[in-house]
Amino acid sequence: MEFTLLFLAASIVMLVAWRGSRALALGLYAAAMIACVATYLHHATDTLKLSF
Amino acid sequence: MTQTRAITLNALSLYAVALVLAAAFAAQLLLHELPCPLCLLQRILFAMLAIGPILNIRFGPRPSHYALSLLAAVAGAVASTRQVLLHIMPGDPGYGSALLGYHYYTWALIGFIAAIVLLAAALLFDRQFEDDGAALPPTGGLFAQAAVWLVIGLTGLNVVSTLLECGFGACADNPTVYELLKRFS
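These protein sequence lines are chains D and Z, in that order.
Residues 1 to 52 (our numbering) are what the first sequence spells out, left to right.
Residues 1001 to 1185 (our numbering) are what the second sequence spells out, left to right.
No lab work stands behind these hints, which were simulated from the structure alone.
Misleading hints may appear alongside valid ones.
To be verified - Sample of chain D residues at the chain Z side, in silico, Cβ under 8 Å:
| id | residue |
| --- | --- |
| 1 | 10 |
| 2 | 29 |
| 3 | 34 |
To be verified - Simulated restraints, written as ranges between beta carbons of each label pair:
| id | chain 1 | residue 1 | chain 2 | residue 2 | range |
| --- | --- | --- | --- | --- | --- |
| 4 | D | 35 | Z | 1174 | 19 to 25 Å |
| 5 | D | 5 | Z | 1025 | 17 to 23 Å |
| 6 | D | 22 | Z | 1127 | 18 to 24 Å |
Where is the CB? At the ideal position from N, CA and C, for every residue including glycine.
Using the sequences provided together with the hints, build the complete structure.
Structure, rendered in structure tokens:
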């Protein structure tokens, strides 16, 4: 679900960058990027399933 | 590099991002290989790469717009490096099929590093940041507008595809079916 929301967030940032104000696009970009990094860190702390 | 030429290059970079997103879709639909969570994150970060060029086309080239794409490229390189390292042990078959000898996440790492180098190279040309007085077409002309809508459309399709794949819960580590379709079939 979180990845669906991240794709949605990226689409919204693109639409705002194309049609809306620059300041709003920059703010939304920052929020989306923080969410991406948080999602990455969440998955990066999973136990590694190594094959040895 | 003039402002007009910079905008043309930014439009071309959007077509490159669209090509990457379309190729990922092609692998998903033609080879029936569903993307894993880290693969999805890399796709999202490729889409985030497009925001800098969109802003450059709409508001004119600025270093801050290139910086947005650089941040996305670095984050994408980190995510794809992690996936390469997850499958680096000898005998590990990797995730998914390989294309020209490399798995998609390895291609993604190469793509993100290429983006970092190209963005740094683009930033070397200071003249693009000065208003050269050229009458730029509104929002970059048809070539640039088509590139922007193509990338937005492909990202929108990914919203639908990811919703079908993961449903309303957490995405599976090794997805084999579209969860939402399974629920309603």
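Against the structure, the hints:
1. The interface hint given for residue 10 of chain D holds, since its Cβ lies 4 Å from the closest Cβ of chain Z, which is under the 8 Å cut-off.
2. With 8 Å as the threshold, the beta carbon of residue 29 of chain D comes within range of chain Z, its nearest partner Cβ sitting at about 6 Å, so the hint holds.
3. The closest approach between the C-beta of residue 34 of chain D and any C-beta of chain Z is roughly 11 Å, which is over the 8 Å cut-off, so the hint fails.
4. A C-beta distance of roughly 24 Å is found between residue 35 of chain D and residue 1174 of chain Z, which places it inside the suggested range of 19 to 25 Å.
5. At roughly 19 Å, the beta-carbon separation of residue 5 of chain D and residue 1025 of chain Z lies within the given 17 to 23 Å, and the hint holds.
6. Hint check: residue 22 of chain D to residue 1127 of chain Z, Cβ distance near 22 Å, so the stated range 18 to 24 Å holds.
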